[in-house]
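J.: Sequence:
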Amino acid sequence: MKSGTVAVIGRANAGKSTLVNVLVGEKIAIVSPKPQTTRDRIMGVSNRENAQIVFIDTPGLYRQFNALTDAMMKTTEDTAKEVDMIAYVLDAHAGMTEEDISLVLKYQRMGLPMLVVLTKTDIMPAKEIPAAVKALSDAGVDADIYPVSARKGKNLKKLEEGICALLPEGEPLYPDDIVSDRSEKFMVAELMREKILLKYEKEIPHGVAVIVHTFEKKGGMYEIGLDIICEKKSHKAILIGKGCAALKEASSFARQSMEKFLGAKVYLTTYVKVVENWRDRQNLLKSFGY
Numbered sequence: 434m435k436s437g438t439v440a441v442i443g444r445a446n447a448g449k450s451t452l453v454n455v456l457v458g459e460k461i462a463i464v465s466p467k468p469q470t471t472r473d474r475i476m477g478v479s480n481r482e483n484a485q486i487v488f489i490d491t492p493g494l495y496r497q498f499n500a501l502t503d504a505m506m507k508t509t510e511d512t513a514k515e516v517d518m519i520a521y522v523l524d525a526h527a528g529m530t531e532e533d534i535s536l537v538l539k540y541q542r543m544g545l546p547m548l549v550v551l552t553k554t555d556i557m558p559a560k561e562i563p564a565a566v567k568a569l570s571d572a573g574v575d576a577d578i579y580p581v582s583a584r585k586g587k588n589l590k591k592l593e594e595g596i597c598a599l600l601p602e603g604e605p606l607y608p609d610d611i612v613s614d615r616s617e618k619f620m621v622a623e624l625m626r627e628k629i630l631l632k633y634e635k636e637i638p639h640g641v642a643v644i645v646h647t648f649e650k651k652g653g654m655y656e657i658g659l660d661i662i663c664e665k666k667s668h669k670a671i672l673i674g675k676g677c678a679a680l681k682e683a684s685s686f687a688r689q690s691m692e693k694f695l696g697a698k699v700y701l702t703t704y705v706k707v708v709e710n711w712r713d714r715q716n717l718l719k720s721f722g723y
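For reference, each letter of the sequence shown is one residue, going 434 to 723 in the working numbering.
Honestly, the hints are just simulated from the structure, not real lab data. Everything numeric in this text was worked out from a predicted model, so none of it was measured. There's no promise every hint is true.
[To be verified] List time: in silico EDC-like cross-link candidates among lysine to aspartate or glutamate, alpha-carbon distance up to 16 Å:
hint	residue 1	residue 2
1	K435	D517
2	K435	E594
3	K665	E649
4	K650	E682
5	K539	E594
6	K591	D577
7	K665	E617
8	K618	D660
9	K618	E692
[Stated by the list, open to error] Using C-beta positions, here's what the derived DEER-type ranges look like:
hint	residue 1	residue 2	range
10	L545	S720	42 to 50 Å
11	V707	G586	42 to 50 Å
12	A670	D555	20 to 28 Å
13	D555	S720	38 to 46 Å
14	G528	G722	30 to 38 Å
15	G458	Y700	27 to 35 Å
16	A678	K585	34 to 42 Å
17	G674	P601	45 to 53 Å
18	G544	Y700	16 to 24 Å
Glycine included, every Cβ here is placed at the ideal spot set by N, Cα and C.
Using the sequences and the hints given, assemble the complete structure.
T.: Here it is in structure tokens:
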């Protein structure tokens with residue numbers, strides 16, 4: 434059978450996490466339209482007939498100068514060196530830039546088996562897809578290119594077949610009941626951060642970390658306590674909102690997702706704390722799990 438690891442790499446907002454969630458068949462990574470949604474590598478296992486594909490979702494390639502982003506980019510670079518193949522994801526709807534092509538060529542030069550995935554084709558004119566494929570080919574990209582729509586399920590079977598063709602022969606790397614390497618506690622924090630990304634605008638979500646300090650199952654209910662870390666007092670006021678309304682709304686939104694994920698009722702408590710410049714403090718990044 435075929436069995437191996439696939440690094441899913443691309444610029445921020447290219448649709449990597451949505452694609453991985455659909456291919457795995459379960460939500461293993463949070464999704465939002467904002468950059469830096471994925472901050473760490475997250476593994477998702479897809480078991481198919483005669484194949485086990487271990488997808489590794491990576492932080493989106495993104496230019497911002499702080500220690501957190503440096504750590505995220507190092508995670509992506511390190512992951513690319515450890516896998517059996519690379520699936521490079523491009524947002525076809527957003528259009529292709531010279532930087533996009535340069536990044537594809539950069540990973541091609543690593544010498545690993547690689548294919549290119551053009552995402553979000555359901556929201557772009559079909560006639561533009563051949564031009565995008567030709568632009569990559571003309572630039573020297575020597576890889577099979579798969580236009581897909583994760584949201585519509587378009588062309589995903591062919592993509593999976595293409596991935597399997599590039600994977601090595603081997604025994605499964607994980608038991609068939611393993612879906613992800615991330616714990617429930619990790620996912621609970623990510624679900625809270627996802628709702629913050631979706632609810633709040635401007636720079637607020639990027640300066641937020643979520644720390645789980647209580648995670649206990651009592652009977653048929655989970656008691657979960659979270660600290661929402663932000664960088665400025667003004668950000669704390671925005672996160673909480675007038676009469677605590679904004680925080681209550683975001684927490685309620687997150688609790689519903691947590692209950693769906695955990696399959697049980699959740700009693701959720703959230704606190705907002707200010708830790709100035711935490712994204713540039715290496716000791717805090719490590720303690721926060723980055």
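J.: All the hints need checking, so say for each whether the structure fits it.
T.: Status of the hints after comparison with the structure:
{"no.": "1", "hint": "K435 with D517", "in the structure": "11 Å, holds"}
{"no.": "2", "hint": "K435 with E594", "in the structure": "11 Å, holds"}
{"no.": "3", "hint": "K665 with E649", "in the structure": "30 Å, violated"}
{"no.": "4", "hint": "K650 with E682", "in the structure": "24 Å, violated"}
{"no.": "5", "hint": "K539 with E594", "in the structure": "24 Å, violated"}
{"no.": "6", "hint": "K591 with D577", "in the structure": "11 Å, holds"}
{"no.": "7", "hint": "K665 with E617", "in the structure": "29 Å, violated"}
{"no.": "8", "hint": "K618 with D660", "in the structure": "13 Å, holds"}
{"no.": "9", "hint": "K618 with E692", "in the structure": "13 Å, holds"}
{"no.": "10", "hint": "L545 with S720: 42 to 50 Å", "in the structure": "33 Å, violated"}
{"no.": "11", "hint": "V707 with G586: 42 to 50 Å", "in the structure": "43 Å, holds"}
{"no.": "12", "hint": "A670 with D555: 20 to 28 Å", "in the structure": "39 Å, violated"}
{"no.": "13", "hint": "D555 with S720: 38 to 46 Å", "in the structure": "41 Å, holds"}
{"no.": "14", "hint": "G528 with G722: 30 to 38 Å", "in the structure": "35 Å, holds"}
{"no.": "15", "hint": "G458 with Y700: 27 to 35 Å", "in the structure": "29 Å, holds"}
{"no.": "16", "hint": "A678 with K585: 34 to 42 Å", "in the structure": "36 Å, holds"}
{"no.": "17", "hint": "G674 with P601: 45 to 53 Å", "in the structure": "52 Å, holds"}
{"no.": "18", "hint": "G544 with Y700: 16 to 24 Å", "in the structure": "51 Å, violated"}
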